[in-house]
Amino acid sequence: MIDRQIWVGALFQPSSENRKRIVLSALENGFDTIVLEKKDAGMTSLGRFRTITLDGKDFREDGKGVGVLVEIRSKEDELRAKRLADKARTVVISAKDWKVIPLENLIVHFQGSSSKLMILARTAAEARLFFETMERGADGVLFVPEKVDELAKLRKLMEDTSPKLDLREGKIVSLRQLGLGDRVCIDTCSMLSIGEGMLIGNQSSCLFLIHSETLESEYAASRPFRVNAGPVHAYILMPDGSTRYLSELTGGDEALVVGAGGQTRKVVVGRTKVERRPLLLIEAEVEGERFSTIVQNAETIRVYSKGKVVSVSRLKVGDPILLKLERGGRHFGMHVKETIRER
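Counting from 1446, one number per residue, gives the positions in the sequence shown under my numbering.
Note that these hints are calculated values from the structure, not bench results.
A portion of the hints provided could be inaccurate.
[Stated by the list, open to error] No more than 20 Å apart at the CA atoms, straight line, and that leaves these computed lysine to aspartate or glutamate pairs for EDC-like:
hint: 1; residue 1: 1616; residue 2: 1594
hint: 2; residue 1: 1541; residue 2: 1522
hint: 3; residue 1: 1609; residue 2: 1685
hint: 4; residue 1: 1616; residue 2: 1728
hint: 5; residue 1: 1592; residue 2: 1728
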């Protein structure tokens, strides 16, 4: 997954009131990195956010350089920008005419370098173009909105274009009641929908879609903000493509919500609850290999099977179950190309 950087620029506006409106709208739409002009340092009182200051052509954070702005009007300017690859932490490109300076040239040049390539965009439509060019796109945008309502459009764009995962079905080969264990409930700061859950598993190479508690049951009311995920040792897939142990999650972390169709979105964890509960082992076979996950043994815990949400209490051997299969292994949660077997 590629995690796009968004810097919102309260810049180049004729009045401080216009720049203030941009800061407030950025915060309302969930953007937490804002670039200010030096004279607007007092706007940090409008809310808590990561503050970057544009000082001439240099971007500074806490007095340290974090990037450089390059305005491109000619081929010579393009070459100057390319020379900054591996020298500047972030290179932000501003160009009025992309017909003169093809974006593809810069994306290819910066790919594989230690520098991040960001492009100054003024509309959500421009940002989409910069993210989709050459499939990979730019690493991020400095978004200096020509109208304040473009920030809401950009937020919707980011949600609509979140990476889509390739989910598939395995066949359940074993269901076994276990003893008591410590399981983790993840309570999010968002309302989840039917069909959404989180990817959890005993092996990082195969993660199962554990459904949210969006449905009521005979025994309990719905908790549409919650995923009763699994035991403390289990892996969870994170928004950046890494995995973490469920026991590591705390309030304020980000988590990845995944729909049955593979669509994804990021949510904020409000809290986690660890409680001692009876457990159930679910083993599934896919491509001739066995994988497993462990869940609380309760009627309110659900997975996705046969195109619908099914309680684990109703699962049978031979039923399909939705999961995400990966190849390679994990080292400290990051994907590595080596053979790692987890049982």
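Hints, one by one, checked against the model:
no. : hint           : result
1   : 1616 with 1594 : violated (48 Å)
2   : 1541 with 1522 : holds (13 Å)
3   : 1609 with 1685 : holds (13 Å)
4   : 1616 with 1728 : holds (8 Å)
5   : 1592 with 1728 : violated (53 Å)
Hints 1, 5 from the list above are not met by this structure, while the remaining hints are.
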